[in-house]
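Residue numbers (the working numbering), protein chains in the order written: chain A, 1 to 144; chain B, 1001 to 1866.
For the record, the hints were derived by calculation from the structure and aren't laboratory data.
If the Cβ cut is set under 8 Å, some of the chain B residues that face chain A in the computed set are:
#, residue
1, V1052
2, D1054
3, K1055
4, Q1056
5, E1579
List of simulated lysine-lysine pairs, DSS-like, C-alpha gap at most 27 Å:
#, chain 1, residue 1, chain 2, residue 2
6, B, K1588, A, K111
7, B, K1055, A, K111
8, A, K21, B, K1588
9, A, K24, B, K1319
10, B, K1055, A, K21
11, B, K1662, B, K1727
12, B, K1055, A, K24
13, B, K1055, A, K95
C-beta atoms are modelled at their ideal positions from N, C-alpha and C, and glycine is treated no differently.
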Amino acid sequence: MNKDNEKVRILILDDEPIVCKRLKPAFQKAGYDVETLNDSASAMARIEEAHFDVVITDLKMEGVDGMRFLTRIKEISPDTGVIVITGFATLDTAKESFRKGAFDFLAKPFKLSEILDAVKRVEAGRRQADSASDQPQDDTNGSA
Amino acid sequence: MNLLNVLAFWRPKKPPVSFTTLFRKFKGLIERNNRILELMGDMGDKLGGEYVFDKQYILSSCEQLEDLVFKLISDLSVLNQDKNVELFKAYERIRHAIHEELSGRHAFDQVSLTIPLESLDQGTVDAAGSKLNNLGIIRNTLGHRVPDGFVATTKAFFAFLDHNGLRRTIHEAVTAWDGKDEAAFDQMCVEIREKILKADIPKPLAADIMGEADALVSRLRREGDKGPHLFAVRSSAWGEDEESSFAGQYESELGIRQEGLLDAYKMVVAGAYSPQAWRYRIIKGFHEEELAMGVGFQLMIAAECSGTLQTYPADPSQKEVMVVNCTPGLGAPLMGGVIKSDTFYIERLAPFAVRSTHTEIKDQLLELNPEGGTVWKNLSQDEGKTPCISKEQLVQLARAGLDIESFLKRPVEAEWCYDADGELYILQARPIRFELQADTLPPPPAPDVEDTLMAGQGIIVQQGVASGKVFVVENDEDLHDFPYGAILVSHFTSPRFSRIMSHARGIITDIGSPAGHMATIAREHRVPTIVNAGDATTRLQTGEEITLDAGNNVVYRGIVPGLRRYELTSQCVFEESYEYRLLRRLLKRITPLHLVDPKSDDFRPSNCTTFHDITRYIHEKAVSELIQLSERRELHETKPRRLNLHMSLGLTVIDVEDGMCKTDEDLELKHVLSVPLKSLLDGMCQPGMWCTRPVSVDLSSFMSSFTRTFSVAATSRIGRNLAVVSKEYLNLHLQLGYHYNIIDAFLSESENDNYIYFRFLGGVTDIERRSRRASFIAEVLERFDFRVEVRGDLVVGRIKKISLARGIEKMNMLGGLVGYTRQLDVVLQSDEDVQDHLAVFMQQISNGPGEQDEQGQRESSNTYTG
Chain A
1 MNKDNEKVRI
11 LILDDEPIVC
21 KRLKPAFQKA
31 GYDVETLNDS
41 ASAMARIEEA
51 HFDVVITDLK
61 MEGVDGMRFL
71 TRIKEISPDT
81 GVIVITGFAT
91 LDTAKESFRK
101 GAFDFLAKPF
111 KLSEILDAVK
121 RVEAGRRQAD
131 SASDQPQDDT
141 NGSA
Chain B
1001 MNLLNVLAFW
1011 RPKKPPVSFT
1021 TLFRKFKGLI
1031 ERNNRILELM
1041 GDMGDKLGGE
1051 YVFDKQYILS
1061 SCEQLEDLVF
1071 KLISDLSVLN
1081 QDKNVELFKA
1091 YERIRHAIHE
1101 ELSGRHAFDQ
1111 VSLTIPLESL
1121 DQGTVDAAGS
1131 KLNNLGIIRN
1141 TLGHRVPDGF
1151 VATTKAFFAF
1161 LDHNGLRRTI
1171 HEAVTAWDGK
1181 DEAAFDQMCV
1191 EIREKILKAD
1201 IPKPLAADIM
1211 GEADALVSRL
1221 RREGDKGPHL
1231 FAVRSSAWGE
1241 DEESSFAGQY
1251 ESELGIRQEG
1261 LLDAYKMVVA
1271 GAYSPQAWRY
1281 RIIKGFHEEE
1291 LAMGVGFQLM
1301 IAAECSGTLQ
1311 TYPADPSQKE
1321 VMVVNCTPGL
1331 GAPLMGGVIK
1341 SDTFYIERLA
1351 PFAVRSTHTE
1361 IKDQLLELNP
1371 EGGTVWKNLS
1381 QDEGKTPCIS
1391 KEQLVQLARA
1401 GLDIESFLKR
1411 PVEAEWCYDA
1421 DGELYILQAR
1431 PIRFELQADT
1441 LPPPPAPDVE
1451 DTLMAGQGII
1461 VQQGVASGKV
1471 FVVENDEDLH
1481 DFPYGAILVS
1491 HFTSPRFSRI
1501 MSHARGIITD
1511 IGSPAGHMAT
1521 IAREHRVPTI
1531 VNAGDATTRL
1541 QTGEEITLDA
1551 GNNVVYRGIV
1561 PGLRRYELTS
1571 QCVFEESYEY
1581 RLLRRLLKRI
1591 TPLHLVDPKS
1601 DDFRPSNCTT
1611 FHDITRYIHE
1621 KAVSELIQLS
1631 ERRELHETKP
1641 RRLNLHMSLG
1651 LTVIDVEDGM
1661 CKTDEDLELK
1671 HVLSVPLKSL
1681 LDGMCQPGMW
1691 CTRPVSVDLS
1701 SFMSSFTRTF
1711 SVAATSRIGR
1721 NLAVVSKEYL
1731 NLHLQLGYHY
1741 NIIDAFLSES
1751 ENDNYIYFRF
1761 LGGVTDIERR
1771 SRRASFIAEV
1781 LERFDFRVEV
1791 RGDLVVGRIK
1801 KISLARGIEK
1811 MNMLGGLVGY
1821 TRQLDVVLQS
1831 DEDVQDHLAV
1841 FMQQISNGPG
1851 EQDEQGQRES
1861 SNTYTG
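With the hints as constraints, model all of the structure from the sequences given.
Here it is, written out as structure tokens:
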């Protein structure tokens, strides 16, 4: 995760520009560092060169589809929290997303507050994981 | 008679379908009807700005809706054994219009060729184009002076192109261009422009333009204005002055005499095909069919001085100031940068102190030539030295600028002028596009925690950030003293705040609903507003400086520097996105309800112009069809019978199984065996519910207004109300006044099977009052543990898996609610009334149906027929 004074980095991928256009300022205002992309090929390239704490991705797009994109992110960066957003939400796609390591799954349309919450939960989860990884040392000390 | 006919006569009749089967069909139809209403409500909700949606959502919602409405008509066809040709035709018309919109071809059936400036509002932006429509709103909604005029609509633009076959010519030319050869592109532009300039303006359009101009000039002459009456003719295209600012791309024609207006129209249209404008569209990814151009015709003002105002300077090092540039005479040379001007920096907060001044010696000015066009005039040295604007005028300008900024939700650049009488005119206003966009700037640091006065309290009505001094309003008199630019804090929401809405930078109320009238006006003015914040009036004092962040629902102590600027430059103005505009256009084909009165001659399939109309018509038709079917004895054992009650409910009951006593007597309440119906009617009969007379002395004051309104407004309208019942089941359709209740309930000993579904829709009063009634009903239902959905004035409440005893209690309450609310919209004059009535209702219901005494009986029989 980031050092304390670094912003959480978010990548948003959706081939409908309106989604990026609305999410970007909302996340920036909440203090996040945001990048947006409208095509999955560029996003695929981008995640090879930069690390993101959170990735928000659409599922159904031209070119590389969201599922493959999701799989690839989790390979490169297993600790990235991926939030899947889709207009074609079915139970199966939701299940598959989770199986592939998605942190959350939101059906479009969603409220701005819902997706902001989802990102906050990613952060909270990671803080917990961080403190848990600090834990064993304390335990050893305690039992010694 | 030929043999075939004889044989036909002997053909055996189809066996009648049983009533139970038809009833099942009917229930299916009602279910579909509900899904349609819910989907329409969902789509409407998306316009509020809270949701992120995309084009895919629009497409799939329309597709679903079309499918549902088609099947709804088919359902009716099974039920009424009719082909319903007219309904299918209406359906096809609406569907076609929707598809035209979706494919970018705009259906303009309700738009005229010209619209006067005074008729423009937020609904006319597609017809008028954004530039002129903004001016219309600045004039009509924000109340600033704008030169008189009118706009030739985007419909007129297409009519003009089509009349001359130009749309095709343009399409062919641009398709043939290889996308690379710049010289060929320029040549294409020249050719298209020539064709436009030589084209004929269709007669109706020419007549409308000349007629509007004539009317305007004649009015001025009557008022003693001798002129010269010269016009400015300007482009007003879709998207111009919005996200992609086309500033400077399109042409304006200035100082045009009446006889030259038609040529000027063609000049402005041709301007859209100049190489620079066309190339700009191509670079920005605009589709050719997205070019829809309104053209504005406005009288020119003989300006004493003119200039520009920027509510934020382009230079970000200049903090929290506005910039005014001005020059004597007309402003065109200033915009063109060919003349010296005075510059003033003014603080953004009232009283708008001048931070710095820079005056120049001006040597000439441009003025109107009475013969048409403009002329230069030399200035003496003395004239040139005098600053051309006063301190008072700067303050007036600053206020106007901030009003417009609040509305456009962007830093604004306005062009303005003062005439010889010292009147300020806003000539143009567009959002500023900074070199440094906010997404490259860091957000301003959040204030310290101790500076947070309120957080997360209340409901956001209109997003935005506002800084200013608090002004607590306790009564109407206080409104007279409301200072410009203050933040209004009040216990209640009130439609009376509309008076000061354009002065207020923000609004916070202790209680109130986001569906109220005030909320509507606040949205119209785009004033950042939070309602229902609990204790704002006790936490905030008049005179205290605060910053209201209605996007994040926080109130900070003091002015938080940079927050508003950040908000204005970073915010995605969702109302301006293509998807938002498309959805709004589509909903015009879907949600407005024109068929309200089933007894009117206009209540016909051929008059259905929206999907809502069709849905409404079918619902009405299906209920009456079911009643007719139930009257056909061969379909079932029991015949429908009238139930006589103390109140005139006009209820027909069809007993499917053991829902009523088998008796030959006239049916009364005592004969009802159906548990849900019995408990509902018990609730309806309790004192103070159906009856509209006061039951408690304490409440007489407002109850008197209740009865008074009824005597005026009582509409003794009762539809064909129908209950289908069994011992444990009730399906009830009630039309009371102009609104509908549907209740579907199953109540038995088996808790798991029990459910109650309640639906309420409609009303005859204005939407605010109807919404108030809807919020009243929703609140009551919630207090009784229903899962509630409200969309406009549609309220749906559901509850399931409840014990028999609780089910009976709920049905009692619903009976009371149906009775109590049947004309409540008429009396809900303010949001406060909702709370008052809520208190009365809850008190009445807690008395329970058991307490119906003689007096209750008497009152119930002495009643208005809703």
